[in-house]
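Colleague: Now for the letters of each chain:
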Amino acid sequence: MAKTVSQLDYLGMSGWQKFCYNFLQFLKKLPVAFLSIFTVWIPKFARKIYNSVKRFFLTLWNAARHGDWKTRMSFLVMGFSQFSRKQIMRGLLFLVFEILFIIYMVAFGAAQLSMFGSLGVRDTIQGGEDPVTGERLPTVVGDNSLLILLYGILTMIFIIAFVYAWYANIKAAYAVQQYVEANQHLTTAKEDLNALADAQYHKTLLAGPLIGLVIFTIFPIIFMVFVAFTNYDMQHMPPNKTFDWVGWANFKSLFAGGLSGGTDFGRVFGKLLLWTVIWAIFATFTNYILGMIVAIMINKKGIKLKKLWRTVLIMTIAVPQFVSLLLMSQMLADEGALNMLFGTSIPFLTDPVLAKVTVIVVNIWVGIPFTMLMVTGILMNIPADLYESARIDGAGPVRMYFKITLPYVLHVTTPSLISNFVGNINNFGVIYLLTGGGPSMAAGGSGGAGETDLLITWLYKLIQDKKQYGIASVISIMMFVLTAVISLIVYNRSKAVKNEEDFM
Amino acid sequence: MANSVKQKKMRSKKAVERSTNAVIYVILVAISVIWLFPYVYLLLQSLRGEPGIMTRYFFPKKWTFGNYIRLFKNQGLSKANKPISTGDYNFLNWYGRTFLIAVVVTVIQTVIVLVTSYALSRMRFKMRKPLMNAMLILGMFPGFMSMTAMYFLLQLIGLTQDMSIVGLILVYVGSSCMGYYICKGFFDTIPKSLDEAARIDGANRQTIFFKIILPLSKPIIIYTILTSFMGPWGEYMFASLIANGSPKYWNVAVGLRDMIQRESLAKYNDGFQRFCAAAVVVSLPITILFFILQRYYVEGVTGGSVKG
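Chains A and B are the protein sequences, given in the same order. Numbering follows the working numbering, with no gaps: position 27 of the first sequence is 27. For any residue, its number in the working numbering is found by taking its place in the second sequence, counting from 1, and adding 504.
Among the hints, erroneous ones may be present.
As the list claims (entries may be wrong) - DEER-style ranges, computed between Cβ atoms: (1) B:V544 - A:M156: 52 to 58 Å; (2) A:E388 - B:K696: 29 to 35 Å; (3) A:L24 - B:G556: 55 to 61 Å; (4) B:F714 - A:S440: 55 to 61 Å; (5) B:Q665 - A:G343: 57 to 63 Å; (6) A:N62 - B:K715: 40 to 46 Å; (7) A:K29 - B:S523: 42 to 48 Å; (8) A:R47 - B:K696: 30 to 36 Å.
Worth flagging that the hints you see were computed from the coordinates, not collected in a lab. Quick reminder that beta carbons are idealized off the backbone N, C-alpha and C, glycines included.
Generate coordinates for the entire structure from the input sequences, incorporating the hints supplied.
Modeller: Quick look at the structure:
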C-alpha cells in the first residue's frame, strides 16, 4: 500500500481499502505538508505582504507626482479633493474621521501609547495611619498596567485603521481628479447610497458583523499574544502592582522544564497535550464509527418504528448538554446513582485510568445522536438506483455496504470529521462538567491540573483559580498552533482528494 | 425439483434476515434504555420526597412536588459555607437572566448569520476568499483566552457587574458571523438563476435578499434560531467568568453546577432532588421546542455536513 497506486487499481479497491490507502497516503505526506507551511505558506504570505506594501507606496508616489494641488492637499486634509470637486458626502466622511482621530490621539491615545513600553512603573501605595507619626496618609493610585496594555492595543488598532483610511483617501482623491480630467461622471451621494443596496450591498451587510469580529475576536487574540510576553500573574495584579514585559521568559518556563512558581509547566503541558490528542482521536472516531453503525441499523429495511428509535436517541441533543453532563457526573460519582443502585463501588470518575475511559464513554453517549442524524441524512441521499443495479449484479447486503454505503458516507463527511476533531481538542464542557479535570495528579508541581484535564480546562483553572495570565497565554498560543497546523494540513489534503476523485 | 431448492434458499434467506432483525431490535432496545435511563432517573428524583443525596432504589417511596416549590420559593438554599444574602442565590433570577440573554442573542445572532451567509454566498467581491479563510483560522483559537481579554474589555466599559447581561449578550453575539458555514451552504443550493431573473426585472441585491432568498430559507432560518437559542442557554465558561463568583450574576448552567458541588449536597439533604427539579425546569422548554422543530434541525445538520 505504501507506493502510489494507479488510478485503475485505486478504482478497483473496496471502500475500506480506499480509506486505508488515503489514510496511509495522508500520514506519508504529513511531514512534507508540515514543511510546506515553511516552504510554501510563509513565503506566499510574505510575497503578498511585500506586494501590498509596494502597491501602497506606489499609489502614494503617483498621487504626489501627478496630482494637482487639490489632490496634494488631501495628504494633509483628508477628503479635500472630493470636497472641492463636489463629492461632499465622501469628503465629509473622510474629514470627520480625521478630526476624530486627531482629537482621540491628542486627548488620550498618545499618552497611553507613551506608557506602552514600560506598562507603567508606579505601584499603588496603600494609605492608612503612619505607625510612627500617627499621621493619616492618602492612598496613592499607581499605574494600571492592564489598562495601559488595553488602551495601547486599541490605540494601535485605531492608528492602523487611520493609516488605511488615509491611504484610501489619497487613492480616491487621485481617482476623482482623473475622473474630472477625463470628463467622466462622478457618483453623487445618492448614487453611492443606492450602490450600498445593490452592487456594494456586501459592505452594508458585512459592516456590522465584521466590527463585531474585530472587537470580540481579533482584538482579544492580539491582547492575548501581548500578555504572553508579560509577567501578569497573582504577584503582579493591577491596579495594586504593575506588571512588566518579560520577553520570552514564559515560553522558556514552558519549554525549558523545571519548576517555576511551584509548577513544572513543561511536564504538565506535555502530559496534558498527549491526553488531549488521545482524547480528541478517541472522542472523534468512536462517535463517528458507532454513530454510523447505529444509523445503519435504524435505517435498515424491515426495521420498524424508525422514528421512535431516532427520537429516543435525540434526547441527548434536545436536553441542554450541561444538564446531561452534570446529571452524569452525579450518577457516576463514587456514591452516585449507579453505584448505589447496583450496590457496587466502582470509581468511575476518581480512578485515573477509569476516569479517562468514562469521559470517552459518556462522550459517546452525548455524541452518537449527532453522527446518527448526519449519517441518516446521507443514507437517504444515496441514489436508490445504485443499490438496484448492484442487486441485479448479484451483490449481497454486506458487499453493498462496503462498496456503496461506506465509501459514500466517508467521502461526504470528511469535512465534518475535521471540524469535530478540532472541536474535541477544545471540548471544555464534557471534561469540566463531568470530572472537573479530576482526579488530581499524584506528583507535585502539577499546577492544579488533574488526570482528565484537557489543555483547555487546565487553561481555565490557570486563569480562574491561579490567575497565571502570562503562561496561560503562552499555552493557548501553542494550542492554536497545534489546531491550526492539523486543520490546515487536513483541509488542504482533503481538498486535494476531492479534486482527484469526485464521488460519481 | 429445482423450484423447491430455490424455495428453500429463499426461506433460509428470510430466516437469516429475520434473525438479523431480531438482533438489531435487541440492540436498539438496549440503546434506548441506556439513553433514556438517566433522564427517567432525573425526573423521578425530582419528585422524590425522602431526604438524602442518593437512594438505593430506583422509584421514590414518597412522591412530592415539594422540591419544585422550594426551588421557586428559594427556601433554605444558599451558597455552601458562605453566608450570602438569600436574595442572591436565586434560581428564578438565574432563569430569567438566562432566558432574556438567550432571546436577545437569538434575534441578533440569527440576523448576523443570515446576512453574512448571504453576502458570502451571493456576492462576489475582492475580500471574499481572504475573509472566509481568515474566519476559518480565527475559529481555531481557543475561545477561552479571548474570553479573558474580553472580560477586561467589558470591565473597562462597565459591562460586568450589574450590566453583565449586556456584556454577555455582546460576547455571545460578537463573533457569531463565524458560524455562517451551514447557512451559506444552504443559500448555495438556491439556484442562481432566480437572482438573475429578478435582476433582469430590475430588483437590486437588497430586494433579492428580502423578497427571494429569505422566503425560500425557512428551514435554515429555524435551524439558526434553534441553535442560537441553545448556545447561550447552556453556556458555562464565560458566564462563570463574568460573574466572578457572585451568584447574583449567574446563569442557569453556573447555578446548577454549583448546586451539586459536594459541599452543597452535603449541607442540604434535599440538594440533589432540588438540582433534579431545577434541571427539569431548565430542560423542559428547550426540549419541547426542540422536538417541535426537530425536522428543521435534522435538515440543518445533514445539509451542513454534506457541503464540503
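Colleague: Does each hint hold? Answer for all of them.
Modeller: Hint by hint, here is what the structure shows:
Distance hint for V544 of chain B and M156 of chain A: a CB-CB separation of about 57 Å, consistent with the stated range 52 to 58 Å. Judged by the Cβ atoms, the range 29 to 35 Å given for E388 of chain A and K696 of chain B holds: they are separated by roughly 32 Å. For the pair L24 of chain A and G556 of chain B, the beta carbons lie near 56 Å from each other, so the given range of 55 to 61 Å is met. For F714 of chain B and S440 of chain A, the Cβ-Cβ distance of about 56 Å falls inside the hinted range of 55 to 61 Å, so the restraint holds.
Checking the proposed 57 to 63 Å range against Q665 of chain B and G343 of chain A shows it is violated: the Cβ atoms sit about 48 Å from each other. A hinted range of 40 to 46 Å holds for the C-beta pair N62 of chain A and K715 of chain B, which are about 43 Å apart. Distance hint check for K29 of chain A and S523 of chain B: the Cβ-Cβ separation is about 45 Å, which falls inside the suggested range of 42 to 48 Å. Restraint check, R47 of chain A to K696 of chain B: a C-beta distance of roughly 34 Å satisfies the suggested window 30 to 36 Å.
Violation of the numbered hints given earlier is confined to hint 5; every other hint is satisfied by the structure.
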